[in-house]
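Engineer: Sequence:
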Amino acid sequence: MPTEFETILARVRETIDQALTEYQEASMIRENDVTEYSFAQNQLNDLKVEIDKLVENFPPEQRTQELLDAQQKLEDVQELLDQ
1 MPTEFETILA RVRETIDQAL TEYQEASMIR ENDVTEYSFA QNQLNDLKVE IDKLVENFPP
61 EQRTQELLDA QQKLEDVQEL LDQ
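Throughout the sequence shown, residue numbering follows the UniProt record's numbering, covering 1 to 83 in sequence.
Mixed in with the good hints there might be a few duds.
Unchecked claim - Subject to a maximum C-alpha distance of 16 Å in a straight line, what follows is the list of computed EDC-like cross-link-like pairs (lysine to aspartate or glutamate):
hint: 1; residue 1: LYS48; residue 2: ASP69
hint: 2; residue 1: LYS73; residue 2: GLU14
hint: 3; residue 1: LYS53; residue 2: ASP82
hint: 4; residue 1: LYS73; residue 2: ASP17
hint: 5; residue 1: LYS73; residue 2: GLU50
hint: 6; residue 1: LYS48; residue 2: GLU14
hint: 7; residue 1: LYS48; residue 2: GLU6
hint: 8; residue 1: LYS48; residue 2: GLU79
hint: 9; residue 1: LYS53; residue 2: GLU14
hint: 10; residue 1: LYS73; residue 2: ASP52
hint: 11; residue 1: LYS53; residue 2: ASP69
hint: 12; residue 1: LYS48; residue 2: GLU4
hint: 13; residue 1: LYS48; residue 2: GLU66
hint: 14; residue 1: LYS48; residue 2: GLU75
hint: 15; residue 1: LYS48; residue 2: ASP17
hint: 16; residue 1: LYS48; residue 2: ASP82
hint: 17; residue 1: LYS48; residue 2: GLU25
hint: 18; residue 1: LYS53; residue 2: GLU6
Read the hints as simulated data drawn from the structure, not as lab findings.
Bear in mind that the values here come from a model prediction, so they are computed numbers and not experimental data.
Using the sequences plus the hints, can you model the full thing?
Structural biologist: Now the structure itself:
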């Protein structure tokens, strides 16, 4: 059974993939119509809150690189979608 950490990381990966796909489609088809990927942006925002809490609650020695990478990738994708 996956842990809370593994579940959140899986959701982060899925949401990032979905957000990037929607962003790419909107860029090609609708010339950056942000309404096309606003749902993905909301999901990213929700996950960002969750992953930030995880990072905050884990002692530094338990924070894995995978967790920190997921946090950074969420921030990077949010910045891309906000452009």
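Engineer: Now tell me if each hint is right for this structure.
Structural biologist: Hints, one by one, checked against the model:
1. Distance check on the hinted pair: LYS48 and ASP69 sit about 12 Å apart at the alpha-carbon level, within 16 Å; holds.
2. Note on LYS73 and GLU14: the hinted pairing holds, with a Cα-Cα distance of about 12 Å set against a maximum of 16 Å.
3. For the given pair, LYS53 sits about 22 Å from ASP82 by alpha-carbon distance, which is inconsistent with the 16 Å threshold.
4. For the given pair, LYS73 sits about 11 Å from ASP17 by alpha-carbon distance, which is consistent with the 16 Å threshold.
5. Taking the CA atoms of LYS73 and GLU50, the gap is about 14 Å. The hint holds against a cut of 16 Å.
6. Our distance criterion of 16 Å between C-alpha atoms is met by LYS48 and GLU14, whose separation comes to about 13 Å.
7. Simply put, LYS48 and GLU6 have alpha-carbon atoms about 15 Å apart, close enough for the 16 Å limit, and the pair holds.
8. Between LYS48 and GLU79, the direct Cα distance comes to roughly 12 Å. Compliance with the 16 Å bound is thereby established for this hinted pair.
9. For the hint pairing LYS53 with GLU14, the CA-to-CA distance comes to about 19 Å; that exceeds 16 Å, so the pair is violated.
10. The straight-line distance between the Cα atoms of LYS73 and ASP52 is roughly 12 Å, inside the 16 Å bound, and the hint therefore holds.
11. Restraint check for LYS53 and ASP69: satisfied, since their Cα atoms lie roughly 15 Å apart, inside the 16 Å limit.
12. Of the supplied pair hints, the one linking LYS48 and GLU4 holds, its CA atoms being roughly 15 Å apart against a limit of 16 Å.
13. About 15 Å separates the Cα atoms of LYS48 and GLU66, which keeps this hinted pair within 16 Å; it holds.
14. Distance restraint check for LYS48 and GLU75: the Cα-Cα separation of roughly 8 Å lies within the 16 Å cut-off, and the hinted pair is therefore satisfied.
15. Taking the CA atoms of LYS48 and ASP17, the gap is near 15 Å; set against the 16 Å cutoff, the hint holds.
16. Restraint check: the Cα-Cα separation between LYS48 and ASP82 comes to about 15 Å, which is no more than 16 Å; the hinted pair holds.
17. Between the alpha carbons of LYS48 and GLU25 the distance comes to roughly 23 Å, so the proposed pair goes past 16 Å and is violated.
18. Restraint check for LYS53 and GLU6: the C-alpha separation of about 14 Å stays at or below 16 Å, so the hint holds.
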